[in-house]
Amino acid sequence: MEFVRRNRVLLTAGGLLLISLLLSSVSIRSQPYRDPIGQLLLDAMAPFQVVFSWMGRGVGRVWSGYIDVVDARRDTQQLHEQVAALQSELLRLGELERENARLTDLLAFRSRLQGVAYGAHVIARDPGPLAMTLTIDRGERDQVRRGMAVLAPQGVVGQIAEASHTAARVVLLTDHNSGIDAIIQRSRARGIVQGGMDGSCYMNYLNRDADVVAGDRVLTSGLDGIFPKGVLIGEVVDVSRRHRGLLQAAVVQPSVALDRLEEVLVVDATAQVVEPPA
Amino acid sequence: MRAAAVIALVAGFGLLVQTTLFHALPFGFHPSPDVLVVVCVFLGLHRHTVGAALGAFMLGYLQDAASGSPIGLNAFGMVVVYVLVYLTCRRLWVDNLVSKIVLVFLASCVKAVAVLTVSALFGAFNGEWGPTPSSLLINAALAALIAPPLFGLLNGARLPEGRVAR
Numbered sequence: 001m002e003f004v005r006r007n008r009v010l011l012t013a014g015g016l017l018l019i020s021l022l023l024s025s026v027s028i029r030s031q032p033y034r035d036p037i038g039q040l041l042l043d044a045m046a047p048f049q050v051v052f053s054w055m056g057r058g059v060g061r062v063w064s065g066y067i068d069v070v071d072a073r074r075d076t077q078q079l080h081e082q083v084a085a086l087q088s089e090l091l092r093l094g095e096l097e098r099e100n101a102r103l104t105d106l107l108a109f110r111s112r113l114q115g116v117a118y119g120a121h122v123i124a125r126d127p128g129p130l131a132m133t134l135t136i137d138r139g140e141r142d143q144v145r146r147g148m149a150v151l152a153p154q155g156v157v158g159q160i161a162e163a164s165h166t167a168a169r170v171v172l173l174t175d176h177n178s179g180i181d182a183i184i185q186r187s188r189a190r191g192i193v194q195g196g197m198d199g200s201c202y203m204n205y206l207n208r209d210a211d212v213v214a215g216d217r218v219l220t221s222g223l224d225g226i227f228p229k230g231v232l233i234g235e236v237v238d239v240s241r242r243h244r245g246l247l248q249a250a251v252v253q254p255s256v257a258l259d260r261l262e263e264v265l266v267v268d269a270t271a272q273v274v275e276p277p278a
Numbered sequence: 001m002r003a004a005a006v007i008a009l010v011a012g013f014g015l016l017v018q019t020t021l022f023h024a025l026p027f028g029f030h031p032s033p034d035v036l037v038v039v040c041v042f043l044g045l046h047r048h049t050v051g052a053a054l055g056a057f058m059l060g061y062l063q064d065a066a067s068g069s070p071i072g073l074n075a076f077g078m079v080v081v082y083v084l085v086y087l088t089c090r091r092l093w094v095d096n097l098v099s100k101i102v103l104v105f106l107a108s109c110v111k112a113v114a115v116l117t118v119s120a121l122f123g124a125f126n127g128e129w130g131p132t133p134s135s136l137l138i139n140a141a142l143a144a145l146i147a148p149p150l151f152g153l154l155n156g157a158r159l160p161e162g163r164v165a166r
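Protein chains in written order, with the working numbering: chain A, 1 to 278; chain B, 1 to 166.
There are no misleading hints in this set.
Output of the computed footprint for chain B on chain A, the stretches with three or more beta carbons under 8 Å from beta carbons of chain B:
hint	segment
1	17-29
2	45-58
Which residues of chain A face chain B? A few of them, derived with a C-beta cut under 7 Å, are:
hint	residue
3	A13
4	D35
5	G38
6	L41
Across the chosen pairs, the derived CB separations fall in these ranges:
hint	chain 1	residue 1	chain 2	residue 2	range
7	B	L121	A	M1	30 to 40 Å
8	A	H80	B	N96	47 to 57 Å
9	A	H80	B	L9	48 to 58 Å
It should be emphasised that the hints constitute simulated quantities derived from the structure, not laboratory data.
Every residue gets a Cβ at the ideal spot worked out from N, C-alpha and C, and that includes glycine.
Throw the hints in and build the complete structure from the sequences for me.
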């Protein structure tokens, strides 16, 4: 009896283990086993389980909402990054499109020229107000030499003032050191197009009785041995005729936007325009 | 009486949480830590009476009834856990938090193994279903994690008589 009293917990547990095994055996082997206590318990727990399930779903909804917000925030961030990348791509494509258009124009212009011509990129501009020059990425290595004409699809740009091995400096037609033998397209009146100190451009040495009016187009004459004949220089915007003297002068607006130039053609003295401007 | 009421309340609450709340949580997986095994470990640690052994059996029986598993499987597992914890704490001093947490982890593993063994013994488990070892360990770890607050609640059920009937 003392043994039973001292070990009653273990003995009870042993009995319960046996009962458990017996129950397991019965319920596993005689499916479906209907347990009356289990059914009672199920009925008793059902209302509480409804409440807890409802709470669980509530917690689930709150958690899902939080996750959705986090996901939405991440998606927004990704979309912002995509928009930035696409805008950058759009900018790059726009630049490529514009460059393509410019090069197409240059190529079309090149096809109107006979003789040696080299394409070049403008890589620098003179920052000072006195000299109107720019630098291109072609030099003596590419057969570019001092005195060669520099043209753009819209007309005359200037001429090479000096050439190094890999680059060359171009004096623009608006520089005061520049001089181009030119003619008025309509009346064939001859003069010299020179740059002014203020960055403007003049056609000087026109005969006083020469027929020049605003709107006349000014072309290269080809007589200076530098520029091919018939290349557009610009358009007369004003005529200045003094009371006295043998000559008159015209203010010329260059046809090339010299401050926005990016690509040019360098041509030598033998080049000729096959098809003059209309 | 008060102790039995507190234990019954915690066990009932644990059973409800275990069968409903954990399954509704949208964490991508459904953790199902065995809350009742924590109660069983508590009984094995602090309640050394015939009533406590019966209580452990009842915990498993309730779990069987609520979960739809064959009656007796979890009851067997719970009684095994109770006996092992009872024998362990008779020989080892298990009264600090860390050792209790470790004990709950081991008890959860032992119970799962006991249930699987009995299932296999009676042909209810043919190896094609059942918990994977990783999910078993995860649930045991979760049970160990929730053990400290549950022990805190159950400590209200520790009566002045403490351990009785060695």
